[in-house]
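Sequential numbering of the sequence shown, starting at 47, is according to the working numbering.
Please keep in mind that the hints were generated in silico from the structure rather than gathered at the bench.
Some clues are possibly wrong.
Simulated pairs of lysine to aspartate or glutamate, DMTMM-like, Cα-Cα distance not exceeding 20 Å [claimed, not checked]: (1) 84 x 48; (2) 206 x 163; (3) 158 x 197; (4) 206 x 175; (5) 157 x 197; (6) 206 x 147; (7) 206 x 154; (8) 206 x 178; (9) 206 x 167.
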Amino acid sequence: ADLAGMAGYMHDLGNVVNRNGHSQSGALMAMEILRAMKMNSEEIAVVAAAIGNHDEGSGQPVNPVAAALILADKSHVHRNRVRNYDVATFDIHDRVNYAVENSSLVIEADKKLISMELSIDIEICPVMEYFEIFLSRMLMCRRAANYLGCDFALIINGAKLL
Numbered sequence: 047a048d049l050a051g052m053a054g055y056m057h058d059l060g061n062v063v064n065r066n067g068h069s070q071s072g073a074l075m076a077m078e079i080l081r082a083m084k085m086n087s088e089e090i091a092v093v094a095a096a097i098g099n100h101d102e103g104s105g106q107p108v109n110p111v112a113a114a115l116i117l118a119d120k121s122h123v124h125r126n127r128v129r130n131y132d133v134a135t136f137d138i139h140d141r142v143n144y145a146v147e148n149s150s151l152v153i154e155a156d157k158k159l160i161s162m163e164l165s166i167d168i169e170i171c172p173v174m175e176y177f178e179i180f181l182s183r184m185l186m187c188r189r190a191a192n193y194l195g196c197d198f199a200l201i202i203n204g205a206k207l208l
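Start from the sequences and build out the full structure, keeping to the hints where you can.
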């Protein structure tokens, strides 16, 4: 749990360099920080691999920490993420995030099921727009859940979609 917490805390560190390739640059930065803190090399490798594999473009759930990080990062969708306050100028990402009124990641260990449950205001964003930009992220969540020996479900406005 501590390693997953560290990975979660540092996973977007690479954005200080550039959004493109941020997972890899962030992994390298995290390695240097953790090495300077005298952390065990094996644990550094676990955290760095998780950070380096959290982006949907090229990442994979290569270890349990990476799988947990993927699920946490990709399920982080909510209107409080929108920094643009002018609704008239929202792009699709702003619109989708703003439309999400509630978001939760539910883990049912006894059923081996990890569910992402969303409430979306369909007056702001139709469910189809959510899928336009988040389908690859949801598929990555499914791979991460599978890595952990669980199924993944996406539930939007009470309807199971994945």
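Hinted pair residue 206 and residue 178, Cα distance within 20 Å: Holds, at roughly 17 Å.
Pair hint outcome, residue 206 versus residue 175 [Cα-Cα no greater than 20 Å]: Judged against 20 Å, a Cα distance of about 17 Å means the pair holds.
20 Å limit on alpha-carbon distance, applied to hinted pair residue 206 and residue 147: Given pair residue 206, residue 147 holds - Cα atoms ~17 Å apart, limit 20 Å.
Hint consistency between residue 158 and residue 197 [alpha-carbon to alpha-carbon, up to 20 Å]: 6 Å, holds
Pair hint residue 206 and residue 154, alpha-carbon separation not exceeding 20 Å: Within the cut-off at roughly 16 Å; holds.
Residue 206 paired with residue 167 [C-alpha distance capped at 20 Å]: Roughly 16 Å between the alpha carbons, so the hint for residue 206 and residue 167 holds.
20 Å limit on alpha-carbon distance, applied to hinted pair residue 206 and residue 163: 9 Å, holds
Proposed proximity, residue 197 with residue 157 (alpha carbon, max 20 Å): 9 Å, holds
Holds or violated: residue 84 to residue 48, with C-alpha atoms at most 20 Å apart: Roughly 15 Å separates the two Cα atoms, so the pair holds.
Against the hints set out earlier in the document, no violation occurs for any number.
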